[in-house]
Structure formats: C-alpha cells, structure tokens
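Participant: Here is what each chain is made of, one letter per residue.
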Amino acid sequence: MATEYDAIIIGGGHNGLVCAAYLAKAGRKVLVLERRPVLGGAAVSEEVYPGFTYTVCSYVVSLLRPYIIRDLELVKHGLQLTPLECSYTPEADGPGLCRWPDPHRTREEISRLSRKDAEIYPEFGKAMGRLARFAKEIIDKPAPDPASWRPSDLMQLLGLGRRFRDLGDDLGAIQFKLSTMSAVDFLDEWFESDTLKSPMSVSGIIGTMLGVRSPGTAYVLLHHYMGEIDGASRAWAFAKGGNGEVSMSIARSAMSFGAEIRTEAPVHKVLVKNGRATGVVLDNGDEIRAKTVISSCDPRMTFLRFVGEEHLPDAFATGIKRFKFRGSSGKVNLALDRFPEFKDRPGIGPHVMGDIAICPSIDYLERAYDDAKYGDFSKRPYMNIVFPSLLDPGMAPEGKHVASIFVQYAPYHIKEGPENWPSRREAFGDAVIDTLSEYCPTLKDSILHRQVLTPWDLEQEFGLAEGNIFHGELSLEQLLFQRPTSGWARYSTPVRNLWLCGSGAHPGGGVMGAPGAMAAKMMLQQGAV
Amino acid sequence: MLKPTPFHERTTALAQSWKFKDWAGKVAISAYDAHSEREYFGVRHAAGLMDASPLYKYDLYGPDAAKLLSRVATRDITRKFGVGRVTYCTWCDERGHVLDDGTISHLAPEHFRLTSSEPWLRWLLRHGRRLDVRVEDSTDRLGCLALQGPNSRHILEQCVDFDMDRMRFFRVRKTRLDGLDVWVSRTGYTGDLGFEVWVDRADALAVWDALMANGQRFGITPMGLDALDVLRIEAGFMLQGVDYFSSKSCIIEARKSTPHELGLGQAVDLTDRAFPFVGQEAIEAELKRGHKWALVGLDVSWPELEALYEEYSLPPHLAPIACRDAVPVYQEDGRTQVGQATSHTWSPLLKQQLSLASVHPRYAKPGTQLKIEHTVEYERRVVTATVVERPFFDPERKRTTPGRA
Amino acid sequence: MGSVVIIGGGHDGLVAGARLASEGHRVTVVEARQQPGGSAAGEEFHPGYRHVGIFHDASTFSDEVARGLGLSLGRRALPDGLIATKDRSCTVGEGLDGVDPASWSAYRARIAEVREYARSVLSKAPPRTDAEAPLIPLAKTAWGFRRLGHQIMMELLRIGPMAVDDWLGEFFDDSVLRAGLALEGLHGTWMGPRSPTSTATLLLLESLRGLDVVGGPAAVVRALVERLESAGGTLRCGERVSRITVESGRVSGVQLESGETIAADRVIAACDPRHALLDLVDPLQLPPMLERDISDVRARGLAAKVHLALSGPVQLASKPGIHERILVAGEVDDLERAFDAVKYRQFAARLPLDIRVPTVSDPDLAPPGHHVLSILVHAVPHDLEGGWGDSARDRLGSAVLSTLDAVAPGTSDRVVGMEVLSPADLGERFGLPQGHLWHGELAIDQLFAARPFLGTAQYHTSIGGLQLGSAGCHPGGGFTGLAGWLAAGAS
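Residue numbers (my numbering), protein chains in the order written: chain A, 1 to 529; chain B, 1 to 405; chain C, 1 to 491.
Bound conformation, chain A alone (with noise of 0.2 Å):
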C-alpha cells in the first residue's frame, strides 16, 4: 500500500500505546506494530490457564501518570483501578507486619515491634511525601542535561537547584542521603525493627541486580509515596482485569483518536537512509514508509537489532552497548483451586487484599542476593504477592482464585548460561513454591497450573533484554540525563526521525506512561512529527 504514516511506533507495550494515543490526538496518523498477539508488552492479561485471568508480568499501578489517566479518558475507556488495601509482612512464626491505610492500626502494628519505630512513623511518611513532590518533577518533565549551555536547560537546572533550596537544610540534606545511600543504611537512621526495615528497603532493588545494602538503593523508596491513586499518595492500585486492561484501555483511547493498531506483526529492521529513518520492514517483508519512526522496545533491541551498529555514532553505540540490563526478577502465576491461607493470619481478610512481601528480615534479602550474585536464582526468594481474584472476582471462578507472584532474584547470568534457563525453570519455580509453602502450608495441594516466567523467558516472550523489567537497570548511572545514555536522553536518537519512547528512556521503567508521554510531547513540541 502506498499509505505513508505519520509516525509508526514499534511495539504495543503501554509506552508505545500512550505514545501512539497523544500523536493520534494531535492529530497525527500513527499505526503501532505490536509482534505478540496480545496487546500491553509487559503490562498484559492473559488466560494461560482455561477460567483464570493472569496478569501476566507486571501487577500493580502506582505511578501511571495522572495527567495521562485524564488526557487520554481512560476511564472512560475502561480503566477501573482498585487501591490496594494494605502491605502485609508475614513472619515464619509470629504475626508478621501490617501496614494499613488507617494510621493508628498501623502504629499498633509496629508499636509490636517497636515503640520509637511507630512514632517516627508518621514523620517519616511527612518527609517523604514532602520529597516525593520534589521527585515528581523530575519524572514529569524531560531529563536535566548538567551539560548543556542551552538557556532552557540552564533555567531547568536552575529552577531544580531552587526547589531543592526550598526544600531547606534539614529536608535538603535527606534528599541528599536518599539519592546516594543504600536503603537500609538510609532507613537505619530512622528505624530500628528488623522487620519493618526488610519491606521498606525492599523496593530499591526491584528489577535491579543490587542488594538492599547496595549504595544507591534508597532513592527508590520515594516511589511509594509518590503513588497518586485518588489523590492519596502512597497508594498502590490494582486495575479491574490485570494490567493488560490498562494497556487496553490505553489502546482504545489511541483508536478513538484514530490510531491504527496492528497485532501479530513483528518488526525486523528500521529502515535507514542517508542517516535517517524512513520506516520499518516487517518479518514478513512487507515495508511500511513513515515520517517518523518510534521505538517503545528497549535501546538493545532498537539500536542494535532493528537499527544496527553501523549507523550509529561510535560513541553512541559504545554507550548503548554498555547500557546494563542484568535482569534479575521472575513471575510466578498460579491457579488456585482454593485460597492458600497464611499460617499466621488465617482467613480471607483486609490483610491479604493488598501486596504480601516475602521478606522477614534484611539478612534474608541479602542472602537471596547473594545466590544471585553468583550466578543462581534464590533459593529462598524475595517475593511479592497479590492476589488478583480477591479484588476483581471476575479473573477466577467462583471460589477459585489466581495469585500473583513477583520474585527477586532470578539471574538471567545463570553460571550454566542464560540459554540453559529452561532447564532450570521448574527448579526456579519449585524454590517459589517451596518457600511460599512455609507461610501457606496448603499452597501446594491448592495448585491447579503454575506459569513460571524466568529472565530468559522475559526476553524471548516479551522482548525484554537479558530479562529486565524496566528496559535497563535503574541505577544512578543509567537514570535522567544518562538515560538512556549520556547527550540522549530526551528520546530523540542520532539517527533523525528515530525516537524512543519505551522505559529505557526518562524516567525509566514501571507501569508510567511517562517515557511515552512525554516523548510524544517532546515530537510534537519540536514538530518532529
């Protein structure tokens, strides 16, 4: 057909769907190409097991930008998002940790553990929240370049550098911790319960290859207060039918702007000429021409393999080469035939409504960390637990339920190779088990099927390099201006007419819409589409 686009987005992840719904919105005719037969990349709801709805990979929201929510009316497209009621710790013995919404229960729960710790609680939550609104900034505008002379980019920065005056001394001088310690350093200045201490500090190390003790983890914590779900910050969410209905509403949206959306069609290079990008060949042959070409996939996959080394700069492609996935996390989705009590707080209630943490204590994180340090998966694993069918009955039968289970660490540098993974899949599956049963002693009569999704599997099913999550690690190095490498950080590419708009650029990985967004925003302010 000789239909040339506006633009083409490859990939039907949530970044390319919000991408292509703004471009759509403005105006522009955008097709996406989406490779899988479902829609959503990682954030995808499937029926792997007859009856049961998984959310596949990822299974919360937090940070899914509000500004996005109502621009692009995905409620009226279908997003219904539930917030989570609470985080539970469970102990191997004894009643574990409780946080809940109420503030008081949740000052008698850490009253348990410690008297100091449940008073300075609160304040801690205050300062936190109080930072948080600084981080925001930082994730819902492009990246600050230290490096340019641009006066928009030295108002930037300066502007920054004022806000965080304003922050004052005391509060300017946690930020300053939190962006350079270690989670549990950081929180050690606050706290003294071991075991409130493990599930806060555990979100620094999601999707990374570092461990809780690791410099550079405590940033990570202002996430959890920077979650805006109803105007309450600290919130996790659970949306109605897993997050592929987030994806979903968001495609709807791009298609009631005019979007084209094409599923089952997997891209094979970006055309290249004369340094710029034309359009993309498919796996089929079939070429399709457009003005602008956008990739949501990650910088391995874009540059290496769909552009390739020889058209880029050789800075560019050194940085992009060295740009470290290091996947370490894996799923575990299970159909259950009846719900796997915990052994310590018995019964379906408000407790197991929210996300359970597998974590009792900090020494425990670092030894699952350790495993992976050297090349295995955790053989006693951190794990982080929803289950779906309590908060949207429809994604089981009646009295059946599916769990949800994100696990850290699984190496994709296994010691025998990341290839040999499905060798070690059911092994990997069986440590989750294993240790899950310890807190749920009727967890493994109450299997029907089990999904076990290793880094290996991430890449080959979901394209996601070397497993990562969030399209490459979010350390210190490898965030806002460096992101994702240094002079390219605000989506555009060396080669014109080629952008990215996938978490691999700013502000990174998570359930955002951010990345899309924004480089949307970026093309059409810069008239690039």
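Treat the hints with caution; some may be incorrect.
What the hints assert, rightly or not - FRET-style restraints, in silico, Cβ to Cβ: (1) R85/B - K140/C: 50 to 60 Å; (2) S249/B - G275/A: 26 to 36 Å; (3) P137/C - H111/B: 27 to 37 Å; (4) S249/B - D140/A: 26 to 36 Å; (5) R134/B - S295/C: 16 to 26 Å; (6) G387/C - R201/B: 52 to 62 Å; (7) P137/C - S249/B: 27 to 37 Å; (8) R166/B - E132/C: 51 to 61 Å; (9) Y374/A - E260/C: 54 to 64 Å; (10) S249/B - K324/A: 33 to 43 Å; (11) E260/C - R130/B: 48 to 58 Å; (12) K21/B - S295/C: 33 to 43 Å.
What the hints assert, rightly or not - Computed cross-link-like contacts, DSS-like style, restricted to lysine-lysine with a CA-CA straight-line distance of at most 27 Å: (13) K343/C - K324/A; (14) K140/C - K177/A; (15) K273/A - K521/A; (16) K86/C - K177/A; (17) K126/A - K3/B; (18) K343/A - K398/B; (19) K141/A - K25/A.
If you are wondering where the hints come from, they were derived from the structure by calculation, not from laboratory data. We treat Cβ as the ideally placed atom computed from N, Cα and C, and that holds for glycine.
Given chain A, work out where chains B and C should sit, using these hints.
Facilitator: Just chains B and C, lined up with the frame of chain A:
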C-alpha cells in the same frame, strides 16, 4: 481502629448520644447527650468528670531525670521545683519551634512525669541516651480523670486521704482514693477550680465509680470533649493542632511557632541555667529581633453580629459547640489581613462571642480593634473584634487554697 | 592570638598544631598514647621487629601540607604492586607484567584525566551547601567541574556511581587483576567490588596518591613533631582529655583525666569526631542536631592489621624474588564473598590481604635477613558475631596465615612473631569507635561537602570554637594531613 481507655466501660455506657471521637487513637466521648450544654454548665456550676486518659504520659526516673527534662523543655526544673510541684511548659526543636506543650510533675525524689498531646518516647530516649535516666511510657498504664468545677474539691474531700482544702494550685500528691493508690494534681484544662486524678489501669473503674458515687450530691456530670472545647477557650487555652501546630507535623516553616508567639514566654527560663535547653539559642535570637506572631483573645462584637444577621432577616446563628474553622483577622479597614482566628465559641457563661487568634504583634495590645471574618448566607462579611486579655474567664477559686498549708 | 588545644596527636593533630604554632598561636597538642602519631606511629611489635605504621605508606601525604609546613621529606616512587594468586601473578606500576599494556594505559589515562581536578578539590575545604551558603564557592566548584570538558565530565558522572568491578571490567578481562586493583580502593569503605559507587572511592585513592615518603608514615610523624616543637607548640603525650568544656554554646577549654584544665578559646578535635562529640562533650551542652548527625555517620570498621616477624623473605609460588608490595585478593568473586561474610558479621576463610614488606627498603626494621610483613586486611567486621575475644583474634590470625600460605607456601613456618590487631584492638588502641581507621566510612554520601555530614565539612561544628580536624573530615582517604591543615586554616 480505636482503642479503649481504662474508663471505656463506664464512659461508653453513659454516652447515649453515640458521639465518639478519635483522641490519640483512643475512643473518646464528644458529648454524652445530644448537646453538650448540660455538660458545660455541669463544670461551671458544679463538677464535670472527664476521661483524659488519651494524654501521653511519661515517667522519668533517676538522678538525671530533672536534667533531661530541663534540657528538652523550656523550664529549668533542676532548681526550685520540689517534690509535689507541677509546672506547665513547652518544648521545642533546636530552632526554637514548639513541638508540644504539657505539664511536668515532680512526683517523688528522682521521679518525674511528663504529659503531652503527642507521643515523645523516641525523642526523650534520644536526649537521655547519655544521661542517667530511665524513661517509661505510662500512657496506657495510667488512666486519667479530670474533675473540674466549683464542687470538685468537695467531691474529692469525700474520698481521698488528704485535706483537699490544703491542696495548692499546680501541686500534685500521692494519696488514696477510696483505698486505691492515686496521684491527684490540681491541674486542668478548664480554667476553673479543678483536679486531675491519675490511677493505674487496673483500678480505673473503681476510681470512676467512687467519684461518681461521692459526686452525686454535688452534681457531678460526666463531660465530653465538646464541652471541654468551650471551657478551654473561655480559659484562653490554645490547642495543639488547632491554634498552633507541632513543629514535627509542619510541612512548611511558616506554620511553626515559637513559645513567645504563643504567649508562653513566662514558661521559658532563660537565665541562671546550668546548661541551655534545646532551642534556647534560637529563642534568644528571636527575642532580639522580635517575634512574628502573638496569640491573643478576641471579644467579637455581639451587637455587630446581631446587626449583621438582621441584614439577612436571620436570627444570629450560634454554633452549638466551639468551632475550629480558621478565619482571617483584618485591620480595622476590614481588608488588610493581620492574622487568623483559629478557635471560636459562644460563652454561655459570659454571654460573649470569643475567639483565639494569632495576629502580628503590633495588633496584639488589649483594646486594639480588629475585624474578624464571619460568613452569613454564603457571604463573607466582617465584624469588629477587640483584643482582650486572656483568660476570658478567670475565677478566683481556680487558684485559691482555703486552708493554706 | 588565642590559645588552641588540639585533641589527638595523630598526624592531623600534629599538622594542625604545627600550622597554628607557626602562625603564632599558643598551641597544646594532647595525645593519650605514650608516643605521638596515632595509627601512623611506627612501633616495635615484636622484640627486634618494627613496623612503620598501620597504614603502609605516606604516598597520600599532601605535598601542599609538606610545603606549607616546610617539612623536608625524602620522596620515592611507590613500589610496583604485585597481584598474586597461587598460580599466577601480575605486576602493575612503573613496571608491568602479565597485563596488556594498551588496556593499562587506557586505564591510567582515565585516572589522569580526573586526577588534577580531583586533587584541587580534595586539597581545599568543600564549599558550603546550606540555604545561606554563599553562591560563589559553589559556582566555582561547579565551574571547575564543567571545565573538565563535556566528555570527561559526563564520563565521571557515568563511572562514579558504578561498581568498581564493572568499571575495571571495561578495561580488563582478568578477574585476578581486577580484584587486586579494586582492593586498595576498598579500604575504609563498607563495600565489595560489586558495590555501586566503589569506583568513586578508587578514584579518590588514586587521586590522592603521589610519591611515597622515605621512612613511611613514621618518618612524616617525626618531621611533624619536630616542626611543631620548633614553632613553639607543646606536645603532651600520655595524657588523655576527658572533657571538652562548653559554656553558653562556646568551648572554654579541655579537662584532662588527671583533673587539670587547659583553657582555650579554640579546640580542634583531631581524634575520631564521634569520640570527641559524644564522649567528651557534656550531653547537656551538645546541640541535638549535632548529636544526631554525628551519630548517624557510618563508621563500621572493616580493617584489621597483622604484623608478621619472619625469619626469611616471603616466597610467592607464582613469582620468585623479593617483593615489597603484594596484593592477595583472589578473583573478584572471592573478594566479593569476603565482603558478603561481613554482612552476616563473619569473616571469610580466605581474606583480602594488602601486604607491604617495609624491610625491603629499610632492612633495619628487622634483624639481618629477616623481614617484617605489614598486612592490612579488608572485610573483617568490627561487630563480629560472638565478639572479638582472644579466640576470635586467633582465628583471624590463622585465616590470614592460611590465605598467605596458599600463595606463598611455608610462610607460616617462618613466623617468629605475630601481632594481630582486630578492629576492636585498633579501636581500643587508637580511640576509634567501631575500629574505623578512617574515622568514618568512605562513601559518596560521606565525602566532600558531606564529610562528616552536610553542614560540617568546613571543619566547624555548631559549638563555637570547636572544630573537627581528622580523617573523619574532608578529604577522608587515609594519611593526607589535609584535614588538620584545612581545619587549622578555617577561621
């Protein structure tokens, strides 16, 4: 989830109104009846009995207990603060901003008790780290009943082992009430003759019953927080979280207050100290430059209020209880804002409309005429408010000791 | 000119004292031990055998300080480092063996790019960063950074937060080489080679490092004492300060254990800052934020020191001959596993050893033909589970010997005497809480303007006249003398 106080069984059984409230995570009674007026008059004319157990209480023991308290609070209690004395004070952060206010009691040699509206265990432990002091959180261990009003002394006389006529203002002593060990202090939050009884949780109900039984013929009335709010405003007492905010809960600097801004300069001991208190340097600097705010009492012009409502053909609408909606306070021109009034009440006793306000110090002189915002039929209007001395109500009986020791 | 008391006669205290005395102040340096120098003092650890200090060399001792004090110090190049395992070794330094020269040049070139700028920053007091801080010094620092040029600046921002193993991996495939290079940069940190930001601390060390001083730290100490006393300063050894007296928010002097008081309007704590503030200042006079901030400083000692008196030279299986500087760190995984153990309050059976043989350049330290081995051991936790009693110390000694025997068989047979200083021993001997020889971890949140913590990097505390001037301050990084120099110069 709210927790019960030691008196829960008694108070909730009597609260026909089902008006409960969250006070520091405990169940507190707002009013026992549909309206709190009877409870209010119960205090001013007879004696009101209120469960004040949600107050935070800390017992400090050891040779350095007085030092620790004098270090963190603005008063120096290492000198001239013998056993049996009670003092009201504030404590501040290092920048001189008030964290909370409360009382310190000297119960026995090397034994002190601190009361507060917010929890301070971690903070006390931190400051006491290298001192010879043991801090115990007695908040849940102790019940506290406030018995306030002209007949309060008579009631206690019936059941304590002590000549209550000799109990002086701001004193505390250990005694037995109906055979049970209690501490009785002549303190309170109503600006009237009154006492507080501190009892171990296990004996709480018995103490309540004893007071109620002995108080019947003196008109004892269980009293809730709604009545208390009216009483404390009449007494000119500020309330943390309403008239000022603890520095630790403030997100912005502008919200913080110093002791002098709250009119608590007399609770600050600056001279002849062996060591400075936390925040002293900042407060001394503030004294040199002058403070930004002053806490004042306002007498809102009743005639003007009547006339205002008359414009709308309405009778004046009196809030049934004290009101905590902050409203702007202006200069006489009614336009230039000079502060904000944060607590308001109609005083049934004085027949005046009263407010507590924070204004710029040059408007704080008693007699100054200001304007306060008042909304009628959705329209924002202003009426005259005159700065007056606090307390608004200050009966002699509050302080006098009939049989001086 | 007022009177100054300096608490601690370690090298920083001596530098501060010498500087102030030469400027005409009345200076008294009070040292608790019988001899000055602190951990830089050389001692006879076994009859007939001496070492030259806890730190191996004085290669980080600042030229600027030496010049400023008019010290005449003999200089010499650091001996080449021999990174050894059982089977193989490589040499790095002036000479190169077993290392690809091109990779080595690229590595050294990267260090050279930042060294000049880093040294200029490290030898000055950091700019203030508080809300009332003047903007010019901050702007100057930022400007100096930008003047490095876009490429170098971006490169520094990229590599600073990296794990040192990742960064070294960009130059060298050899895991043994990487471990050996990483080891020296880990001293004073609570990190392993795979910890993020460990590149920054390696760069810190490499930037501070210059030529060694002949005679090592002990020689520097001797020169400093002479300078102090010839300028009219007083050094009092064997006396311990028990109190820093504070009145109305200002220092008024110190009190000694003997009861004697020395009046002063300026006190410089050249001892560990936590000891100074938390032990020596009356808690009722210590500002709460200062107490909180200094208590939050992390200083988890990971270093132990072992001195061996040997009847003959160390014979490395992988490289015969006499070597002065030997690094035994195994492969990167071994080094990382050693650090893992620390997290659980243990130490590994194979320990990372940073070895110097001072008798190679100074044979008089031992009887003829005999040798002294000075071993700085990393990854030994101060908070060992079960505590540092005699049996734990023995276990540590055995672990060190067996690690050594594995690369140099028969070494333990030649041991005539051995001194093992656990982190607890180091702490007790040198007045270091948690046995931290650097008075505070080298970590990016505790360096430069944040050393020991934000607001106090200019050597002043919120107590008038009370200054901090030790390795716990900027620039950190071991034996430099800069903290004492800059504290003395801070008005």
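Participant: Quick one: which hint numbers does this structure break? Sort them smallest to largest.
Facilitator: 2, 3, 6, 11, 16 and 18
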